[in-house]
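Participant: Respectively, the protein sequence lines represent chains S and P. The numbering of the first sequence is numbering that gives the first Met the number 0, which starts it at 0 and goes up by one. The numbering of the second sequence is numbering that gives the first Met the number 0, which starts it at 0 and goes up by one.
A hint or two may mislead.
Claimed, not checked - Computed footprint of chain P on chain S; a stretch qualifies when at least three of its residues, placed anywhere within it, have a C-beta under 8 Å from a C-beta of chain P:
1. 18-24
2. 75-86
Stated by the list, open to error - Okay, derived cross-link-like pairs now, SDA-like style, lysine to any residue, Cα gap no bigger than 20 Å in a straight line:
3. P:K3 <-> S:Y90
4. P:K17 <-> S:H88
5. P:K104 <-> S:E93
6. S:K11 <-> P:E207
7. P:K15 <-> P:R58
Source of the hints: derived by calculation from the structure; they are not laboratory data. Every value quoted in this text rests on a predicted model; they were computed, and no experiment measured them. Just so it is clear, CB atoms sit at the ideal spot from N, CA and C, and this is done for glycine as well.
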Amino acid sequence: MGTSRFQSSLAKKFIMAFAGLFLITFLFVHLGINILVLLPDTDWFNIAANFMASNLIIKVFEVVLFGGFIIHIIYGLVLQIQNWWARPHRYKVEGWSHKSPFSKFMIHTAIIILIFLIIHLINFYFRSKFGEMGEVTINGNHYHDMAALVLARFKLIEYVIGYIIAFIILGFHLHHGFQSAFQSLGLNHYKYTPIINKVRTLISIILPLGFIIIPLAVYFGNY
Amino acid sequence: MNIKLKIWRQKNAKAKGKFEDYTLDDVSPEMSFLEMLDALNTKLIEEGGDPVAYDHDCREGICGCCSLYINGNPHGPGEKTTTCELHMRSFKDGQTLIVEPWRAKSFPVIKDLIVDRNAFDKIIVAGGFISVDAGSAPDSNSILAKKENADEAINSASCIGCGACVAACKNASAMLFVSAKISQLALLPQGKVEAMDRVNAMVARMDELGFGNCTNTYACEAECPKGIKITNIARMNREFFAAKVVG
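Using the sequences and the hints given, assemble the complete structure.
Facilitator: Put into structure tokens, the structure is as follows:
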């Protein structure tokens, strides 16, 4: 009886929510590593970046991570297209959800974040994997000089502005997405949901702010 | 009061439809919205025109028939109000009111402001019931129900199936309605027996009928004239996952 396990609207929402929460945990790991670039000694950042690129366990997680991104994007698109089909004739006066204002713009913020992600992967991830990179020697070991690459990018005003805009948009996306994921997973409780709503506000401010501080510090500081 | 109206007119399900403008003078602030439409229809009939078709029945907020989308809100402005309970004092003198039918692929327009909400009945037919042995009335204490669950079930059962949740949702999702109908039974011992089959069947039927997916905007909860909570949707999600994993 019923639709298959992954075809149902509720199953798609479950997968979307699970992938979204997984990606949020990755953002915290990414921020933790990025912050190291602001240390006076950039060796720490280079060691961490190279560890993330070469460690076998991390490599397995990298596949899971890309899977998480792809699933979140594909399911997001499928759900959005179905939602557009569900109302072929729009209202003359569109309504508005006052309870979660950013919810109306999830697909729009998602597209901007996806564009940023592609640019970001080309500039850093693929460059470090396949492009020409400077090298540094730390304790006799040779590492890719990721720090030099990051610092050079963050000295370009257009990159700094683009980066800041992308992360403000990500904040909007997370503000709805975080609590929405819990609701989709069926986790709505009179005691804990108000806490989740406070955490979402914190996450949607702290995460983007953490990422934004880095290019600002590099651009205006002595790096 | 003087009221300017912009009303969706559509001859039948296949016709294209368009907005038409009307002006109504001497509208009493004490009139209900439907009484105002009655006055407009009387005027249209007297002038030899075609009266505006709209759904209505009990006119006291319990049947779920009235279904007008007024100035961007299902059932108009105001909280927990059906269109029939809405009064003209909610609007300003000289205000323009844009009146539209519910818009959803699963609720096709039949005529003017009337939509076919048969899709809701089809979802109920799929599993919104319990198969009880209709013998003699059992002792009221033979099946015990927790007071909080009974209260919650009654709250869920207060859904009148008007479709404002679908109309309000930017995705035309029916999940508030379906989850309320699942919850009212799942919360009580009598409903638990068939809970897994019920949630599977009702969600599958909802998907088949072309309703959109819930993206947790909570517009449905904000616009529901009976105050049905989105905690029902979370319960439906839990019931569904339990059914898929265990069932």
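Participant: Go through the numbered hints given earlier and state which of them the structure violates, listing their numbers in rising order.
Facilitator: Structure breaks hints 1, 7.
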